[in-house]
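Undergrad: The chain contents come next:
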Amino acid sequence: MSALTSELQRMADDAARHARPPAAAEIIRQGDRRRRRSLTRQSLGGLSAAGVVGAGVALGVGLTGSAPTHATGTIRTAAFTLVSNANGTATLTINNDVLFEPGTLQSDLAQDGIPAKVTVGSFCSSDPAPAAASQVVSVPKIQPGAEPTVTINPEAMPAGTELSFGNFQNANAGRTFLVLIDTNSYTCTSTAPAVLPHGSAVFGFKSRAS
Amino acid sequence: MEREEFADFYAASFQRLVGQLYAMIGDQCEAQDAVQEAFVRAWARRGKIDRNAAPEAWVRVTAWRIAASRWRRARTGARLGSLIARPESTAGPTPDRVAFSDALRKVPAEQRRALVLYHLCDMTVDQVAAETGVRAGTVKARLARGRAALGPYLRETAAPVTE
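From first to last, the protein sequence lines are chains A and B.
In this text, residue positions in the first sequence follow the numbering used here: the first is 1, and each later residue adds one.
In this text, residue positions in the second sequence follow the numbering used here: the first is 1, and each later residue adds one.
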């Protein structure tokens, strides 16, 4: 090793030792937000061409100057609609009239800063469910004739948790179960849960159109 | 790149990249901030990382550009090292190390970057050229000038540049 190499190595080693890396989860969280803002800008740019509706951008901050603002936007596929709300939550509507798209939903949720495990024909849950489950998922009252909807608050998700979506199909209906799980402790079953875990939600029993 | 894979990549390379960037720019805080921001961008644009066979190099290049952009905005002239205070990590060095650090700060930024990539990151001239976006001849010239500037502060003569 040359003297120059060893001097540079010494300097770099000193700096590396003094580096204080933030938690990977924090880097990922910031990256997810950056990605969501970027995607929102892109979707707004192609609003009419892409057929995206209901999008907008939160501008400015509250009078106190401390309230965070969040980019808003809508991802709409045939199988689901995912709306990013100005308060940082996301509203998900699943259309049971069409076949489920697990990969697309999981990817779009990730882009919205929501880590999720989306499966068809199986359902994963933790026992007990993480304590924050009821703060993460809320189910507004369903209006007659409307698609079932849940609101997800990613900021309430503790580190080491993700949402589990389990979709079950039969000839006439589709159901999707949703619950918060501990990524270090969960089990999966190939049957729909008979008893819903604490903090879980279920997207309807609506018959699929023939 | 999946979340867990990215977290492993981050944990394995963050401190090494801070060390390399510090050797390039000479500022511990700036190095950490730039590397941190580069990792945020890496995750936000992970499609690019997936298509890139060398994600660590992608983060290093991005961190360098972030640091260089800040430096240019600060309008501090042609040398990165001139804007910085001596880092905490050099407390109590021997006189020859102080002299070397001071000499390194006076080396123009692109020469310093080439020296770090070649000597510290163990890259070839062609690899340095690819990462820095210049011809191999330019890299050789930068290495030669940088080494000439630092030579008097080293105890021995560095090995000649090889391809």
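It cannot be assumed that every hint is accurate.
[To be verified] Partial chain A-side listing against chain B, Cβ under 7 Å, derived:
{"no.": "1", "residue": "LEU4"}
{"no.": "2", "residue": "SER6"}
{"no.": "3", "residue": "ILE27"}
{"no.": "4", "residue": "ILE28"}
{"no.": "5", "residue": "ARG34"}
{"no.": "6", "residue": "ARG35"}
Hints listed in this document are in silico derivations from the structure and should not be mistaken for laboratory results.
Keep in mind it's a predicted model, so treat the numbers as computed, not measured.
Ideal Cβ placement from N, Cα and C applies to all residues, glycine included.
Undergrad: Hints first: check each against the structure and report whether it holds.
TA: Hint check results:
The restraint placing LEU4 (chain A) at the interface with chain B holds, with a minimum CB-CB distance near 4 Å, inside the 7 Å limit. Contact between SER6 (chain A) and chain B, as hinted, is not supported at the beta carbon level, the nearest pair being about 9 Å apart and thus beyond 7 Å. Interface restraint check: ILE27 (chain A) against chain B, minimum CB-CB distance 5 Å, threshold 7 Å, status holds. Below 7 Å, beta-carbon pairs count as interface contacts, and ILE28 (chain A) has one with chain B at about 5 Å; its hint therefore holds.
A distance limit of 7 Å between C-beta atoms decides the matter here; for ARG34 (chain A) the minimum to chain B is near 4 Å, and the interface restraint holds. Evaluation of the ARG35 (chain A) hint against chain B yields a held restraint, the C-beta minimum of about 4 Å falling below 7 Å.
The earlier numbered hint that this structure contradicts is number 2, and it is the only one.
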